[in-house]
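Engineer: Here is how the chains run, residue by residue.
Protein chains: 2
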Amino acid sequence: MGLIDTNLMRGFSPDKLGKLSVFDTAQMFCDVYCLEPGQSQKPHAHAGATKFYFVIEGEPTLVVGAQQSVLRPGGLAWAAPGEVHGVANHSPARAVLLVAMGPSPNHATSPK
Amino acid sequence: MGLIDTNLMRGFSPDKLGKLSVFDTAQMFCDVYCLEPGQSQKPHAHAGATKFYFVIEGEPTLVVGAQQSVLRPGGLAWAAPGEVHGVANHSPARAVLLVAMGPSPNHATSPK
Numbered sequence: 001m002g003l004i005d006t007n008l009m010r011g012f013s014p015d016k017l018g019k020l021s022v023f024d025t026a027q028m029f030c031d032v033y034c035l036e037p038g039q040s041q042k043p044h045a046h047a048g049a050t051k052f053y054f055v056i057e058g059e060p061t062l063v064v065g066a067q068q069s070v071l072r073p074g075g076l077a078w079a080a081p082g083e084v085h086g087v088a089n090h091s092p093a094r095a096v097l098l099v100a101m102g103p104s105p106n107h108a109t110s111p112k
Numbered sequence: 001m002g003l004i005d006t007n008l009m010r011g012f013s014p015d016k017l018g019k020l021s022v023f024d025t026a027q028m029f030c031d032v033y034c035l036e037p038g039q040s041q042k043p044h045a046h047a048g049a050t051k052f053y054f055v056i057e058g059e060p061t062l063v064v065g066a067q068q069s070v071l072r073p074g075g076l077a078w079a080a081p082g083e084v085h086g087v088a089n090h091s092p093a094r095a096v097l098l099v100a101m102g103p104s105p106n107h108a109t110s111p112k
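As given, the protein sequences belong to chains F and A, one line each in that order.
Each residue of the first sequence is one higher than the one before, starting from 1 at the first, in our numbering.
Each residue of the second sequence is one higher than the one before, starting from 1 at the first, in our numbering.
I should point out that these hints are in silico values taken from the structure, not numbers from a laboratory.
A portion of the hints provided could be inaccurate.
Because identical chains cannot be distinguished in the list, a pair is counted as satisfied if it fits within a single copy or across any two copies.
Said to hold, decoys possible - Keeping only pairs whose Cα atoms sit at most 20 Å apart, straight-line, the calculated SDA-like set for lysine to any residue is: (1) Lys19 / Met9; (2) Lys42 / Gly2; (3) Lys19 / Gln67; (4) Lys42 / Asp5; (5) Lys42 / Met1; (6) Lys42 / Leu3; (7) Lys16 / Gly75; (8) Lys42 / Ala108; (9) Lys16 / Ile4; (10) Lys16 / Gly48; (11) Lys16 / Glu83; (12) Lys16 / Ala47; (13) Lys16 / Asp5; (14) Lys16 / Gly65; (15) Lys42 / Gly18; (16) Lys16 / Ser91; (17) Lys19 / Gly75; (18) Lys42 / Gln67; (19) Lys16 / Ala66; (20) Lys42 / Phe23; (21) Lys16 / Met1; (22) Lys16 / Pro37; (23) Lys42 / Asp24; (24) Lys16 / Gly82; (25) Lys42 / Asn7; (26) Lys42 / Pro81; (27) Lys16 / His107.
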């Protein structure tokens with residue numbers, strides 16, 4: 001458990017989008033994603049897991065299934081198991097998102 | 001799946017804190033909590049589920065275990081299974097939080 005100021009969690013890289021772990025349990029992980037202009041996470045899907053993106057800063061483009069939209073801070077995109085999702089920063093400014101997925105794939109004891 | 005503007009999800013009640021469902025799958029639910037000054041969710045725990053609160057607006061007081069702190073927007077509090085957590089708005093302004101928990105207790109098919 002913990003109390004965390006995510007405003008302090010920023011990690012941008014010229015190579016690829018930055019992912020900073022807020023927490024990670026068998027039931028759920030939570031990350032902060034940091035995207036420079038032009039960076040993206042390709043659309044993909046997870047069997048058995050639900051995931052969402054919540055925009056903290058910037059105007060990233062979110063994809064879920066056949067839907068695609070530029071979201072502003074407060075915008076949220078979510079995908080149920082098997083549903084395609086992704087994010088791309090086509091804007092000229094940096095984008096920061098809170099991302100959570102449950103269950104986490106990072107634990108041997110994760111629920112199936 | 002969906003693309004949602006959580007800025008439009010506000011529901012305050014004089015009686016108790018408002019909870020608006022953003023989505024709810026077996027693996028995870030996500031709500032927006034709206035607290036008038038003086039309102040709270042009593043500290044409690046969930047066996048088998050991880051939960052977090054992310055402050056969108058206001059300066060609510062978050063409790064996890066023996067820790068307690070006033071968080072500002074961008075502040076996050078999380079609790080692993082069995083860990084006590086709660087939120088109270090001791091400030092003079094409204095507070096809004098994004099809340100997610102996995103697995104969701106609202107599905108007969110929820111992972112155990």
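Engineer: Next, verify each hint and record whether it holds.
Structural biologist: Tested hints:
1. Lys19 / Met9: Classified as within: same-chain Cα gap 10 Å, cross-chain 27 Å, threshold 20 Å.
2. Lys42 / Gly2: between (31 Å within a copy, 17 Å between copies)
3. Lys19 / Gln67: Intra 24 Å, inter 26 Å, cutoff 20 Å: neither.
4. Lys42 / Asp5: neither (28 Å within a copy, 22 Å between copies)
5. Lys42 / Met1: between (31 Å within a copy, 17 Å between copies)
6. Lys42 / Leu3: For Lys42 and Leu3, only the inter-copy Cα distance (17 Å) is at most 20 Å; the intra-copy one is 31 Å.
7. Lys16 / Gly75: neither (23 Å within a copy, 25 Å between copies)
8. Lys42 / Ala108: Neither way: Lys42 and Ala108 sit 26 Å apart in one copy and 33 Å across, limit 20 Å.
9. Lys16 / Ile4: Neither, since 24 Å and 26 Å both go past 20 Å.
10. Lys16 / Gly48: neither (26 Å within a copy, 34 Å between copies)
11. Lys16 / Glu83: Neither. Shortest intra-copy (23 Å) and inter-copy (35 Å) distances fail the 20 Å Cα cut-off.
12. Lys16 / Ala47: Result: close neither inside a copy nor across copies, 24 Å intra and 37 Å inter.
13. Lys16 / Asp5: neither (23 Å within a copy, 27 Å between copies)
14. Lys16 / Gly65: Neither, since 23 Å and 36 Å both go past 20 Å.
15. Lys42 / Gly18: within (14 Å within a copy, 36 Å between copies)
16. Lys16 / Ser91: within (16 Å within a copy, 40 Å between copies)
17. Lys19 / Gly75: both (19 Å within a copy, 18 Å between copies)
18. Lys42 / Gln67: Within one copy only: 14 Å inside a chain, 38 Å across chains, cut-off 20 Å.
19. Lys16 / Ala66: neither (25 Å within a copy, 38 Å between copies)
20. Lys42 / Phe23: neither (23 Å within a copy, 23 Å between copies)
21. Lys16 / Met1: neither (29 Å within a copy, 26 Å between copies)
22. Lys16 / Pro37: Close inside one copy (10 Å), not across copies (42 Å); limit 20 Å.
23. Lys42 / Asp24: Result: close neither inside a copy nor across copies, 22 Å intra and 24 Å inter.
24. Lys16 / Gly82: Classified as neither; 25 Å inside a copy, 36 Å across copies.
25. Lys42 / Asn7: neither (25 Å within a copy, 26 Å between copies)
26. Lys42 / Pro81: within (17 Å within a copy, 32 Å between copies)
27. Lys16 / His107: Cα proximity of Lys16 and His107: none, with 24 Å in one copy and 37 Å across.
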